[in-house]
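In case you want the letters, here they are:
Number of protein chains: 4
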Amino acid sequence: MGKSRFEAFSDGVIAIIITIMVLELKVPHGESIEALAPLLPVFLSYVLSFIYLGIYWNNHHHMLHACHQVTGPMLWANLHLLFWLSLIPFATGWMGENHFAASPSALYGVVLLMAAIAFWILQQLIIASQGRDSLLSKAVGCDWKGKTSPVLYLIAIATAFWSQWISQGLYVLVALVWLVPDRRIEKILGSKET
Amino acid sequence: MGKSRFEAFSDGVIAIIITIMVLELKVPHGESIEALAPLLPVFLSYVLSFIYLGIYWNNHHHMLHACHQVTGPMLWANLHLLFWLSLIPFATGWMGENHFAASPSALYGVVLLMAAIAFWILQQLIIASQGRDSLLSKAVGCDWKGKTSPVLYLIAIATAFWSQWISQGLYVLVALVWLVPDRRIEKILGSKET
Amino acid sequence: MGKSRFEAFSDGVIAIIITIMVLELKVPHGESIEALAPLLPVFLSYVLSFIYLGIYWNNHHHMLHACHQVTGPMLWANLHLLFWLSLIPFATGWMGENHFAASPSALYGVVLLMAAIAFWILQQLIIASQGRDSLLSKAVGCDWKGKTSPVLYLIAIATAFWSQWISQGLYVLVALVWLVPDRRIEKILGSKET
Amino acid sequence: MGKSRFEAFSDGVIAIIITIMVLELKVPHGESIEALAPLLPVFLSYVLSFIYLGIYWNNHHHMLHACHQVTGPMLWANLHLLFWLSLIPFATGWMGENHFAASPSALYGVVLLMAAIAFWILQQLIIASQGRDSLLSKAVGCDWKGKTSPVLYLIAIATAFWSQWISQGLYVLVALVWLVPDRRIEKILGSKET
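Chains as they are written, first to last, in my numbering: chain Z, 1 to 194; chain H, 1001 to 1194; chain S, 2001 to 2194; chain W, 3001 to 3194.
Hint data in this document are derived by calculation from the structure and do not stem from the laboratory. As the structure is a prediction and not an experimental result, all values here were calculated from the model. Any given hint could be a false lead.
[As the list claims (entries may be wrong)] The calculated DSS-like cross-link candidates involving lysine-lysine, where the alpha carbons are at most 27 Å apart (straight line), are:
{"no.": "1", "chain 1": "Z", "residue 1": "K26", "chain 2": "S", "residue 2": "K2026"}
{"no.": "2", "chain 1": "H", "residue 1": "K1026", "chain 2": "W", "residue 2": "K3026"}
{"no.": "3", "chain 1": "S", "residue 1": "K2003", "chain 2": "W", "residue 2": "K3003"}
{"no.": "4", "chain 1": "W", "residue 1": "K3145", "chain 2": "W", "residue 2": "K3003"}
{"no.": "5", "chain 1": "Z", "residue 1": "K3", "chain 2": "H", "residue 2": "K1003"}
{"no.": "6", "chain 1": "H", "residue 1": "K1026", "chain 2": "Z", "residue 2": "K3"}
{"no.": "7", "chain 1": "W", "residue 1": "K3145", "chain 2": "S", "residue 2": "K2026"}
Please build the complete structure, drawing on both the sequences and the hints.
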C-alpha cells in the first residue's frame, strides 16, 4: 500500500485543521484597536493549538519516515488520530470564547489526551509491523515524552475544575517539551547511514 | 493520464470534506459541560460520517492501487463520486441538528446510496479498462459488500419514516461491515507478488 | 521549476473551491422534507458550478500533461485563473439564493468569462514556451470550444437582464459542450506514442 | 527529512488560506447589482491579499527549489511563517469590512511585517544549512526586496493612523515590487546548468 498517498492524505487533513481553526477568529465589528481585545483569549488558544498541530505534523512526519509499509490497521489508526485532531478547532474555539473556563479547559485536555493515545496506538502498530529491532523502535526508545504527556494531560483535566491556570500552564509545558526538537529518530537514522 | 494527480485531487477533496464536517459542530455559548449536551447528536452523526468517509478513502485507495491507467470517463465517474461525498456534511448536519428525525435520516441514506452507486460505476469503469481477468476484477470478486450495502441503504431509507432507529442501526451496520478490513485486493496483489 | 508542485497547488486550490461551495448549502432548521424546498435553487447552482470546476480541473490536467516546463509568467497566469475560479462559490451562492435572478445570473457569467479568458492566457503562455509545433499547440488546434464559450458567456450576460432562463440555458449548454470528453490532447499524445 | 512532504504541507496550508479568504465575501441578501456595492472594499482587500499570498507561494517555491535538505529548525521556521500567513484572512476581512480604516490597515501591515520576518528567518536557516557559497545565497544576493519591504511595512503601519490611503498605497507598491518576476534564482540555477 502506498506510503505517499497515506502521507499526503494526513498532510491534507492536518493542513485543513490547522487553517480552519483561524475561522474561529471572527472579524470584529468595530474598527478600533479596542475591538480586538475580546479576541485575545481566542487568539492565544489559537496559537497554542497551532503549535500542538505543528508538533503532531512534525512527529507524524518523523514517524512515517521510519516506516516502510502501510497496512490496513495503520490506515485506521491514522484516521483515528486525525479524528481527534479534527476536534481540536472545536475545543480551541470553546476554550477561547469562554476565556479558558473550567469545563472548556478540561475538554481541551481530553481531546489532547485522546490524540496522544491515538498517536501511541499508531506508533505501536508501526513498530509491531517492523519488528522490535527496527529503526523506529530504537528511535522511540523509552519514549519518555510520549509517556509523560498523557499523565500531564490527566492532571490538567483534573485541575481544570480547581484552577484553570494550572491546567493551561500544563498544556503550555507539554507543548514546550515537544517543541524541543526530537532528534532521536534523526540521530538513529543518521547513525545508520554512517 | 497521470494517476498520481488523479489520486491527489481525490485525496484533497475527501480530506476537505472530512474536515469541514467538523464546522457543523458549532462552538456552544455556555461554558458548562451541560452546554455540550445538545451537541451530542451532531457529534454522533459526525463520528458516523467520519467513518463512512474513511471507508470511502480507504476503498478508493485500494481500488486505484490496482488501476494502471486513468481515462476520461474515469475522471468524470470520480468527480461524480466526489459530488455525492461532498453532500455528506450537509446530510450529516441536517440529521444531527434534528436528532435523527425521519426525513433527515432518509436523506442521509439517499446520499450514501448515491455515493455507493457512484463508487460502483467507477469500479466498473476501471475493471472494464483492465479486462475481466485483471487483478481488480479478481480482487473485487463477487463483491458481496458492494452489492449488499445499497440494499441495506434502501431498507434504511424506507424504514426511516417508520422508525429512524432501525435506519440508524442499518447505517451503523453497513459501516461495521466495511470497517472489517477488506483484505481481498491485498491478498490477490500479495499472492501475485509471490 | 517543478511542474509537480505547480500541479499540486492548483489541485489543492480547485479541490478547496469545489468543496467550500457546499458550505453555501446551509442546513435548514425544519426537519421535514419541505424544509429542503427553498434549497433547491442553491442545490441546482451548486451542481452547475461543480461541473464547471470539474471541467476546469480536467482541462487544466490535460493542458499541463502536455507542458514540460513551468515559467514565472505561467505561475502568475495560473494564479490569475485560480483567482477567478475562487469567485465561483460567491457567484454560485448569490445566484442560488436569489433563484437565478437577473444580476446574479449576469455576474455568474462574468466570473465564467473571466475564468475562460484566464485559462486562454495560460494556454497561450504554455504554447508560446513550447513552440507552435508543440504537442499542445496541435492538440488545441482550432480550439473551437475555447473560442465559442466566451461568446456564449457574453450572450448569456446580456440576456440575463431580459430572460434569465436563456442565460441559464446557455451556461448549461457550455457545460455540456465541455463535458463531451476532449480527446484532442489524448489523441495527439497517443498518436505520437504510436 | 523529506522535502516533498514539507513542500506539500506548505502548499496545502497556503492553498487553504488563499481560498478561505473568499468566505469573507459574504453572499449579499439583495438581488440587485447595488447589493454588491458594500462588498467592494472587501473585494479589493481580497484581491490585494490574494496577490500577497501568491507572491509568498511563488517565493517559497523558488526558495525551496534551491534547498536540498530540510532540518528540524526549518520545519518550525516554516510553521512560523504559515502561522502569520494564516492571519492574513482575518486581517483582510477586518480591513475590508471597515473600509480600510486606520487600525485595521495598521494590523494588516503588522501581519505582513511578521510574515516577512518569518520568511527571512526561514531563508537564513536554509542559507546557513547550505553554506554561504550555496546557490540560494548567491541567488538571494543583496536581497534588496526582502530588506526594503519590512521598512515599507513599518512606514505603512505608522502612517495608517494619519492617512490610511498612504498605507494602502505602500501595500500595493510592495506587492508590485514583488510581482515583477524575481529572476534571480532562476538565473543562477540556469547559469549553473549551462
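Structure-based check of each hint:
no.	hint	result
1	Z:K26 - S:K2026	19 Å, holds
2	H:K1026 - W:K3026	19 Å, holds
3	S:K2003 - W:K3003	15 Å, holds
4	W:K3145 - W:K3003	26 Å, holds
5	Z:K3 - H:K1003	15 Å, holds
6	H:K1026 - Z:K3	34 Å, violated
7	W:K3145 - S:K2026	44 Å, violated
In summary, the numbered hints that this structure violates are 6, 7.
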